[in-house]
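As you go down the protein sequences, you meet chains C and B in turn.
So in the UniProt record's numbering the end of the first sequence lands on 222, straight run, no missing numbers.
So in the UniProt record's numbering the end of the second sequence lands on 222, straight run, no missing numbers.
Hints listed in this document are in silico derivations from the structure and should not be mistaken for laboratory results.
Some clues are possibly wrong.
Note that the list lumps identical chains together, so a pair holds whenever it fits in one copy or between two copies.
In silico DSSO-like links for lysine-lysine, alpha-carbon gap of 27 Å or less [said to hold, decoys possible]:
#, residue 1, residue 2
1, 140, 111
2, 148, 128
3, 29, 108
4, 43, 165
5, 165, 32
6, 85, 108
7, 144, 85
8, 151, 43
9, 61, 85
10, 111, 144
11, 108, 165
12, 151, 102
13, 140, 43
14, 165, 111
15, 102, 29
16, 126, 144
17, 102, 126
18, 43, 29
19, 126, 111
20, 140, 39
21, 161, 108
22, 151, 61
23, 102, 147
24, 172, 144
25, 147, 85
26, 102, 148
27, 32, 140
28, 165, 140
29, 161, 172
There are 2 protein chains.
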Amino acid sequence: MRRVFEEELNDLHLRFSEMGMMVNEAIYKSVKAFINHDKELAKEVIANDHFINERELDLEKRSFEMIALQQPVTTDLRIIVTVMKASSDLERMADHAVSIAKSTIRVKGNKRIPEIEAEIADMADKVKVMVEEVLEAYVKNDSKKAKKIAKMDGEVDLYFKQIYKSCIEEMKANSEIVVGASDYMLVAGYLERIGDYVTNICEWIVYLSTGKVSELNTTNKK
Amino acid sequence: MRRVFEEELNDLHLRFSEMGMMVNEAIYKSVKAFINHDKELAKEVIANDHFINERELDLEKRSFEMIALQQPVTTDLRIIVTVMKASSDLERMADHAVSIAKSTIRVKGNKRIPEIEAEIADMADKVKVMVEEVLEAYVKNDSKKAKKIAKMDGEVDLYFKQIYKSCIEEMKANSEIVVGASDYMLVAGYLERIGDYVTNICEWIVYLSTGKVSELNTTNKK
Chain C
1 MRRVFEEELN DLHLRFSEMG MMVNEAIYKS VKAFINHDKE LAKEVIANDH FINERELDLE
61 KRSFEMIALQ QPVTTDLRII VTVMKASSDL ERMADHAVSI AKSTIRVKGN KRIPEIEAEI
121 ADMADKVKVM VEEVLEAYVK NDSKKAKKIA KMDGEVDLYF KQIYKSCIEE MKANSEIVVG
181 ASDYMLVAGY LERIGDYVTN ICEWIVYLST GKVSELNTTN KK
Chain B
1 MRRVFEEELN DLHLRFSEMG MMVNEAIYKS VKAFINHDKE LAKEVIANDH FINERELDLE
61 KRSFEMIALQ QPVTTDLRII VTVMKASSDL ERMADHAVSI AKSTIRVKGN KRIPEIEAEI
121 ADMADKVKVM VEEVLEAYVK NDSKKAKKIA KMDGEVDLYF KQIYKSCIEE MKANSEIVVG
181 ASDYMLVAGY LERIGDYVTN ICEWIVYLST GKVSELNTTN KK
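Could you build all of it, start to finish, from the sequences and the hints given here?
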């Protein structure tokens with residue numbers, strides 16, 4: 001029984017990590033598409049989203065069955081509950097990648113601001129690092145690393161504030177920029193939300209090793 | 001054993017519903033404070049947020065212990081997993097109420113647009129109805145109602161788009177409005193996110209009665 005459980009648990013971890021990589025790719029591609037005005041790539045992100053949704057359902061089903069059939073307690077139970085919660089967060093991160101992709105498809109020859117697009121690209125790089133690191137912290141059950149990643153979300157929040165501010169300055173100076181800048185604000189907002197979800201996963205990782213639910217990055221909450 | 005379980009389950013439901021009411025009050029007060037420029041009320045929302053966080057931890061702990069000690073299966077297990085997931089959603093809704101309250105405190109004599117403020121108030125009313133109804137659907141385990149509420153989120157999304165559009169028009173026409181309108185866009189964005197979280201809870205309610213995780217309101221996802 002124990003060996004079956006261990007195998008199922010390993011499988012669950014593997015499938016969760018794979019889901020994380022799928023989500024990371026979706027975020028990366030959606031931002032790349034937005035910056036490069038690449039509508040084809042944006043469509044690809046949207047078309048592939050159902051694979052991520054299906055993976056969430058698969059993880060949900062497997063976790064539930066493991067709890068019902070194997071009746072795990074303490075740490076084992078905690079691990080499975082964490083997969084259930086964190087896979088919801090991953091799925092929502094992918095939804096925001098889809099939102100970014102949809103913004104890309106909507107854009108019709110707006111006036112662009114290269115400086116702000118560069119800031120968005122930097123912000124996206126930071127978010128990408130957070131996503132990659134949180135998957136590693138999850139696999140290694142590394143709560144110290146998780147706390148460090150949650151702190152990075154403060155930097156993502158700062159990017160958001162900075163981009164918001166830049167957009168406001170540009171819009172004040174030039175009304176032609178308003179439509180494009182509003183799109184920048186939306187996309188920066190999606191990235192900021194993705195950072196929040198990474199922070200949630202960090203909280204689950206801390207919960208996994210301590211059994212305590214803590215709220216990380218509270219100081220930077222807007 | 002079964003009687004103890006039933007009592008604990010009732011208690012869990014009651015505490016979850018109470019948490020929902022606390023969150024609903026926070027959202028209501030935060031929007032009221034924003035519209036009425038009432039910084040004192042906004043501070044109250046921020047000061048009370050810790051009660052909501054504590055309630056989430058309490059629900060998390062109780063749910064976990066119930067699974068570990070009583071080893072429920074099928075429907076009972078599903079109910080408890082739902083409480084765990086939905087209480088995370090409620091807590092995040094409250095975080096957005098805090099964000100709205102913080103916007104209110106930040107505002108310094110911006111030029112205001114009464115028409116857009118009225119639209120935000122209407123949007124907030126719609127969100128309030130959604131929150132109240134989802135708590136009722138949860139208590140009554142009413143998946144039909146849950147699906148109906150999820151559809152209302154489409155209307156909330158439309159409000160968001162409309163407010164966004166109005167803000168863009170106003171900013172194009174008058175650069176003095178840029179700072180204030182950006183705040184409107186942020187607040188409308190927080191309300192839109194709250195609507196998304198209500199939709200998530202609707203999905204958990206459907207999951208509760210069908211055992212299937214479904215994604216409601218996909219057509220209106222931005």
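For each hint, the structure was consulted:
1. 140 with 111: Result: close neither inside a copy nor across copies, 45 Å intra and 51 Å inter.
2. 148 with 128: Close inside one copy (15 Å), not across copies (36 Å); limit 27 Å.
3. 29 with 108: within (20 Å within a copy, 39 Å between copies)
4. 43 with 165: Answer is between; shortest inter-copy Cα gap is 24 Å, intra-copy 30 Å.
5. 165 with 32: both (23 Å within a copy, 26 Å between copies)
6. 85 with 108: neither (38 Å within a copy, 39 Å between copies)
7. 144 with 85: both (20 Å within a copy, 24 Å between copies)
8. 151 with 43: between (33 Å within a copy, 25 Å between copies)
9. 61 with 85: both (13 Å within a copy, 15 Å between copies)
10. 111 with 144: neither (44 Å within a copy, 46 Å between copies)
11. 108 with 165: both (23 Å within a copy, 15 Å between copies)
12. 151 with 102: So residue 151 and residue 102 pass the 27 Å test across copies only (21 Å; inside, 29 Å).
13. 140 with 43: neither (34 Å within a copy, 40 Å between copies)
14. 165 with 111: both (18 Å within a copy, 17 Å between copies)
15. 102 with 29: within (12 Å within a copy, 33 Å between copies)
16. 126 with 144: within (19 Å within a copy, 42 Å between copies)
17. 102 with 126: both (22 Å within a copy, 25 Å between copies)
18. 43 with 29: Only inside one copy: residue 43 and residue 29 sit 10 Å apart there, 40 Å across copies, limit 27 Å.
19. 126 with 111: Only inside one copy: residue 126 and residue 111 sit 26 Å apart there, 35 Å across copies, limit 27 Å.
20. 140 with 39: This pair counts as neither: shortest intra-copy Cα distance 37 Å, inter-copy 45 Å.
21. 161 with 108: Both: 25 Å inside a copy, 17 Å across copies.
22. 151 with 61: between (32 Å within a copy, 25 Å between copies)
23. 102 with 147: So residue 102 and residue 147 pass the 27 Å test across copies only (25 Å; inside, 32 Å).
24. 172 with 144: neither (43 Å within a copy, 47 Å between copies)
25. 147 with 85: Answer is both; intra-copy 18 Å and inter-copy 22 Å each pass.
26. 102 with 148: between (32 Å within a copy, 25 Å between copies)
27. 32 with 140: Neither. Shortest intra-copy (29 Å) and inter-copy (45 Å) distances fail the 27 Å Cα cut-off.
28. 165 with 140: For residue 165 and residue 140, neither the intra-copy (38 Å) nor the inter-copy (46 Å) Cα distance is at most 27 Å.
29. 161 with 172: Classified as both: same-chain Cα gap 16 Å, cross-chain 21 Å, threshold 27 Å.
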